[in-house]
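The task is simple: from the sequences and hints, build the whole structure.
There are 2 protein chains.
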Amino acid sequence: MRPSEIRQAQERTAELLATAGIVLTDEERADIEVADFGLGQLETQGLELITYTNTDRYCAKDLVLFPGQTCPEHLHPPIDGQPGKMETFRCRRGRVLLYVEGEPASPIKAKIPAGSEPYYTVFHEIELLPGQQYTILPGVKHWFQGGEEGAIVSEFSSTSRDEFDVFTDSNIVR
Amino acid sequence: MRPSEIRQAQERTAELLATAGIVLTDEERADIEVADFGLGQLETQGLELITYTNTDRYCAKDLVLFPGQTCPEHLHPPIDGQPGKMETFRCRRGRVLLYVEGEPASPIKAKIPAGSEPYYTVFHEIELLPGQQYTILPGVKHWFQGGEEGAIVSEFSSTSRDEFDVFTDSNIVR
Chain A
1117 MRPSEIRQAQ ERTAELLATA GIVLTDEERA DIEVADFGLG QLETQGLELI TYTNTDRYCA
1177 KDLVLFPGQT CPEHLHPPID GQPGKMETFR CRRGRVLLYV EGEPASPIKA KIPAGSEPYY
1237 TVFHEIELLP GQQYTILPGV KHWFQGGEEG AIVSEFSSTS RDEFDVFTDS NIVR
Chain B
1117 MRPSEIRQAQ ERTAELLATA GIVLTDEERA DIEVADFGLG QLETQGLELI TYTNTDRYCA
1177 KDLVLFPGQT CPEHLHPPID GQPGKMETFR CRRGRVLLYV EGEPASPIKA KIPAGSEPYY
1237 TVFHEIELLP GQQYTILPGV KHWFQGGEEG AIVSEFSSTS RDEFDVFTDS NIVR
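For the protein sequence lines, the chains are A and B, in the order given.
According to our numbering, the first sequence is numbered sequentially starting from 1117.
According to our numbering, the second sequence is numbered sequentially starting from 1117.
In case anyone wonders, no lab produced these hints; they're calculated from the structure.
Glycine is no exception: its CB is placed at the ideal position from the N, C-alpha and C atoms.
Certain hints may be false.
To be verified - Just the calculated beta-carbon pair ranges, DEER-fashion: (1) B:M1117 - A:T1237: 27 to 33 Å; (2) B:G1197 - A:P1193: 23 to 29 Å; (3) A:K1227 - B:T1141: 24 to 30 Å; (4) B:Q1157 - A:I1224: 52 to 58 Å.
Unchecked claim - If we take Cβ atoms under 10 Å as the criterion, some of the chain A residues that face chain B in the derived model are: (5) G1137; (6) G1154; (7) Q1249.
Unchecked claim - Derived DSS-like pairs: lysine-lysine, alpha-carbon spacing no greater than 30 Å straight-line: (8) B:K1177 - B:K1225; (9) B:K1227 - A:K1177; (10) A:K1177 - A:K1257; (11) A:K1225 - A:K1177; (12) A:K1227 - A:K1257; (13) A:K1177 - B:K1177; (14) B:K1177 - A:K1257; (15) A:K1177 - A:K1227; (16) B:K1177 - B:K1257.
Next comes the structure, spelled out in structure tokens:
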């Protein structure tokens, strides 16, 4: 991504967080992570993140999704004999559509990013509104999409090692 | 504590969280934990908590302190060969004065609860404003007090087992 594109997405993320009353330091604002997963289509497949803490015991982040933006399907594998990352998503603002392995919804409410249909394979639907949360167990494939107004999601989890995430789309570089 | 006292503190806590834009479900609101630590002086020594998740790998809570309210000095000991609880405090609203082991401040900015002076023994001072955070390592004694307008503090941590907490004041019942 071009630096200007990253900066623009960071500013948009900071504004969304500010309207939700989430206070960041200047340093945190400058370090907002903008992930396009190497696909070059941030608006449709991407995610914005702030990592508050990531220790060898626990991790806490806020995730921001722009309207309709999708975090592509992936899972967190076991590492060094430890079970994969376990994560609790708590919706703070907006609406998030989360899909995990299990009984599929038909039709689903989310819109699969055009051209990437083969890389979305799990359709058990969980809709989270502010104050609602869901825990994704280790090794379970999942993907999620922001609603019409986007979404802010707090993620409480075990240690995060994003570089080991396994994406269904092999074109993805994390 | 009398049920009416608990209910009143729960309502006050829910209001403080609402002004900070933190959305709770009705069930969570009804389950806000009001801790007076068995001392019967909630306004001076007490804490209000919402536990969002507490798994065998991680825990996330929001802590609320009324103006000048103090969470008494304690530490988290090792349990079953595991290191004690490690916790990251992130201030969301108001101001929190946190004291841990280390070089003491003199004078300290907080006011030690009258009559409980012997039970406050660590005075390394950390002042947290919104967006600022600090990680308390396992086994380190600590206590904390809300500022003039109280405080909302997000706590990200390893698994929480409050029943094992070791308080300096042996009158305390958690």
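Here's how the hints hold up against the structure:
no. : hint                          : in the structure
1   : B:M1117 - A:T1237: 27 to 33 Å : violated, 52 Å
2   : B:G1197 - A:P1193: 23 to 29 Å : holds, 27 Å
3   : A:K1227 - B:T1141: 24 to 30 Å : holds, 28 Å
4   : B:Q1157 - A:I1224: 52 to 58 Å : holds, 54 Å
5   : G1137                         : holds, 3 Å
6   : G1154                         : violated, 29 Å
7   : Q1249                         : holds, 7 Å
8   : B:K1177 - B:K1225             : holds, 26 Å
9   : B:K1227 - A:K1177             : violated, 33 Å
10  : A:K1177 - A:K1257             : holds, 19 Å
11  : A:K1225 - A:K1177             : holds, 26 Å
12  : A:K1227 - A:K1257             : holds, 18 Å
13  : A:K1177 - B:K1177             : holds, 14 Å
14  : B:K1177 - A:K1257             : holds, 26 Å
15  : A:K1177 - A:K1227             : holds, 25 Å
16  : B:K1177 - B:K1257             : holds, 19 Å
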